[in-house]
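Quick note, the sequences are listed as chains A and B, same order. Sequential numbering from 1 applies to the first sequence in the numbering used here. Sequential numbering from 1 applies to the second sequence in the numbering used here.
Worth flagging that the hints you see were computed from the coordinates, not collected in a lab. Keep in mind that this is a model prediction, so the values were computed, not measured. Some hints could be false.
As the list claims (entries may be wrong) - Pulled a few chain A residues facing chain B out of the computed Cβ check, cut under 7 Å:
| no. | residue |
| --- | --- |
| 1 | Glu115 |
| 2 | Cys179 |
| 3 | Gly180 |
| 4 | Glu221 |
| 5 | Phe280 |
| 6 | Asp330 |
| 7 | Ser332 |
| 8 | Asp336 |
| 9 | Ala357 |
| 10 | Glu358 |
| 11 | Ala360 |
| 12 | Leu361 |
Said to hold, decoys possible - Not close to chain B: a few residues of chain A, all C-beta gaps over 10 Å, as computed:
| no. | residue |
| --- | --- |
| 13 | Pro49 |
| 14 | Glu117 |
| 15 | Arg164 |
| 16 | Pro182 |
| 17 | Ser233 |
| 18 | Gly311 |
| 19 | Thr348 |
| 20 | Gly354 |
| 21 | Gly366 |
| 22 | Glu370 |
| 23 | Ile373 |
| 24 | Asp378 |
Just so it is clear, CB atoms sit at the ideal spot from N, CA and C, and this is done for glycine as well.
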Amino acid sequence: MTVPGKLLSKLDPAAIDKLAARLPAGSAVVSATNGKTTTSAMAAEILRPRFRLAHNRSGANLVSGVASTLLAAGDAELGLLEVDEGALPEVLRRVRPRAVLLGNLFRDQLDRYGELELVAERWRRAVGDLPSTTAVVLNADDPQVGSLRDDAVHYGLDDPAVARPALQHAADSKYCIRCGTPYLYAAAYVGHLGDYRCPNCGHARPALQVSAGSIELEGLERAAFDLRTPEGSRRVELALPGLYNVYNALGAAALARALGASLDEIVDGLGSFSAAFGRFERIAVDGKQMLLLLIKNPAGANEAVRTLVDGRAPRLAVVALNDAIADGRDVSWIWDVDFEPLLAGLDTVVVSGGRAAELALRCKYGGLDESKIEVVPDLARALDRGLELTPDGGELVVLPTYTAMLALQRVIAERGLAKKYWERAA
Amino acid sequence: MIIRVGHLYPDYLNIYADRGNIAVFAQRAARRGHELRVDEIGMDDRIVPGGHDLYYVGGGQDREQLLVAENLARKAQPLIDAVHGGAALLAVCGGYQLLGRGYKGFHGEDMPGVGLLPLETVAGERRMIGDVLLETELGPIAGFENHAGRTYLDEGAEPLGRVVSGFGNDGRSGYEGCRLLRAIGTYLHGPLLPRNPQLADWLLQEAIAHRTGGDALELAPLPDELEAQAQAVAAERARSRGGKF
């Protein structure tokens, strides 16, 4: 899909710059370790009534994918670009966006990006180089991201009632970015995201201009929150579950606001949004349902597990682990995921993908009896086995990594159960 | 029997899913009727030689590693005494580097070491990242490495194993890790122990010997089919795509 993009940047390295400059309303860039696809899809839903968009919604988010999207932009007015964390500095330099939304930095694919600090440092330089006319929108709840620029729009959650009692195991930025002292959290929401303060040097979460309060989480079905902005406060209803989707929606709202969207447009857009590809997708199969939740790093997988267990905890799950470059070749991250609350309720887990045996060990040493673990590396067979074990009218939970998700989508499409994601209406 | 584990800086050194290694120790001990008691040894805690049968030091991101390096160096003597007194030890990646004489960074960001293992580490330009397969006295060991440091063993120092595929200590010597008495240091994570259970059992048996004061006795075997499958896949990955310059 990005072949034209690759070819283009080879032929003319300045092409992206020129293509981006053609867009009359400029571009907006979205990056984060977790939620960038969902967040930019939400922003697209809000902005569509206002702008014709050039949006890389298939998730082709490297420089070549951005180039392809801009190349195919036609009469689009605004570029809405989801960008890979590693590619962000180059894209910012070349696209010169009018608005940038940076959501979070979690430990992810260390084999590909190197350590979190390195990525944060590259972001810091790239954001520092942006002209003062660029609207920078930052998640204040992430100590690394919130501190990228002082004169930014900061957003975050403001509802200690939905906070976690303690930082999770996988929390990444636990130590003050200025002096190294462990932060104290008045509220920890997702991983290390929350309301933090350093007891030594006083580095603390910046003041919030855009926030979410009175958050309601309703199991696997939906979430709602008060969107608070300087222009007023409105209730947002989301057809997606989980606190991480509240973060995604809040980020999309803050970005759309920076691009001139009204509160009405924001509330309408978020209200009519349904899951981005594989992010929380229900598919009907022969009187049963499949629920697909992408897992790709500890923080994201923890939220998927938390959301599942807070709903009706499943007794059966298919979990698929691949180790292609897009999944991360280093599979050690599965040991940082708090799978235990999920495992505690399972009668059977079908583990699948190229590293199925590794997942089997994760379940075994996580306390699941070996007799409850079925190892089926072939994804199509694992899906069949999962459906076979699902009672009529029941729901099968499927947790795949990125390339396993792609492969499963292909299987599902070949069987005519759902359209391929790239063929679906925008 | 209660096996006493001292887990050094779990809040700081935990980047490569180190708790997986602890979970493996705990479950494999329990299956033999032993209990693992894990004490966290943090910045303000002391190491008391003889107080633990097995020490564990994990890997950290550069920043976290720097935060603990000076603190750990101040605990060097009791840790050296503990290992020379027969305690077992496993150190992975950053922890492995810190047990040598020190780490020489690129821009003067040097870190002191404990001086337990006969080696030193120097920052290299390119990170060595990829799947690794080793041949060792304890059989094949498969894991994943991700390190900028090149670790050089002293003349006569004993490596953990020979590199079949991957970079290893320095990308050139063909060796990986270091062994001294009942201590093992290695770059391999994954985490290391779930798919290399023979290594977990060796460390447990040596820890038990420290506890009893007698000779190390081999533990009763466990059904390890899943472990063997996972190791075979990881070994195949290393053969087909292990790192090399």
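Hint-by-hint comparison with the structure:
1. Of the supplied interface hints, the one on Glu115 (chain A) holds, with its beta-carbon coming within about 4 Å of a beta-carbon of chain B, less than 7 Å.
2. Look at Cys179 (chain A): its Cβ only gets to about 10 Å from chain B, farther than 7 Å, so that hint breaks.
3. Proximity of Gly180 (chain A) to chain B holds as hinted, the smallest CB-CB distance being about 5 Å (cut-off 7 Å).
4. Given hint, Glu221 (chain A) at the interface with chain B, is violated; its Cβ is 32 Å from that chain's nearest Cβ, farther than 7 Å.
5. Interface hint status for Phe280 (chain A): violated, as the beta-carbon distance to the closest one in chain B is roughly 26 Å, over 7 Å.
6. A hinted interface residue such as Asp330 (chain A) counts as satisfied when its beta carbon comes closer than 7 Å to some beta carbon of chain B; here the least separation is about 5 Å, so the hint holds.
7. A least Cβ separation of about 4 Å between Ser332 (chain A) and chain B falls short of the 7 Å threshold, and the interface hint therefore holds.
8. Checking Asp336 (chain A) against chain B: minimum C-beta separation of about 5 Å stays under 7 Å; hint holds.
9. The interface hint given for Ala357 (chain A) is met, as the beta carbon of that residue sits about 4 Å from the closest beta carbon of chain B, less than 7 Å.
10. This hint holds: Glu358 (chain A) has a C-beta 5 Å from the nearest C-beta of chain B, less than the 7 Å allowed.
11. Restraint check, Ala360 (chain A) versus chain B: the minimum CB separation of about 5 Å is within 7 Å; hint holds.
12. Residue-level restraint check for Leu361 (chain A) holds (minimum Cβ-Cβ distance to chain B is 4 Å; threshold 7 Å).
13. Non-interface call for Pro49 (chain A) relative to chain B: holds, since the shortest CB-CB distance, roughly 44 Å, exceeds 10 Å.
14. Residue-level check failed: Glu117 (chain A) sits 5 Å from the nearest beta carbon of chain B, not beyond 10 Å.
15. Remark: the non-interface label on Arg164 (chain A) is consistent with the geometry, its nearest Cβ contact in chain B lying 17 Å away (cut-off 10 Å).
16. Pro182 (chain A), annotated as away from the interface, has a beta carbon of chain B within 10 Å; the closest lies near 8 Å.
17. A cut-off of 10 Å between C-beta atoms confirms that Ser233 (chain A) is not in contact with chain B; the least separation is 38 Å.
18. For Gly311 (chain A), the requirement that its beta carbon stay farther than 10 Å from each beta carbon of chain B is met, with the minimum near 26 Å.
19. Distance to chain B confirms Thr348 (chain A) as a non-interface residue, since its nearest Cβ pair spans about 15 Å, more than 10 Å.
20. Not every beta carbon of chain B lies more than 10 Å from that of Gly354 (chain A), the smallest distance being close to 7 Å; the non-interface claim is violated.
21. With 10 Å as the threshold on Cβ separation, the claim that Gly366 (chain A) sits away from chain B is violated: the shortest Cβ distance comes to roughly 7 Å.
22. At roughly 7 Å from the closest C-beta of chain B, the C-beta of Glu370 (chain A) falls inside 10 Å, breaking its exclusion from the interface.
23. Look at Ile373 (chain A): its CB is around 7 Å from the nearest CB on chain B, not clear of 10 Å, so calling it non-interface is violated.
24. Listed as a non-interface residue, Asp378 (chain A) keeps its Cβ farther than 10 Å from every Cβ of chain B; the least gap is roughly 14 Å.
The structure fails to meet hints 2, 4, 5, 14, 16, 20, 21, 22, 23 from the earlier list, while all remaining hints are met.
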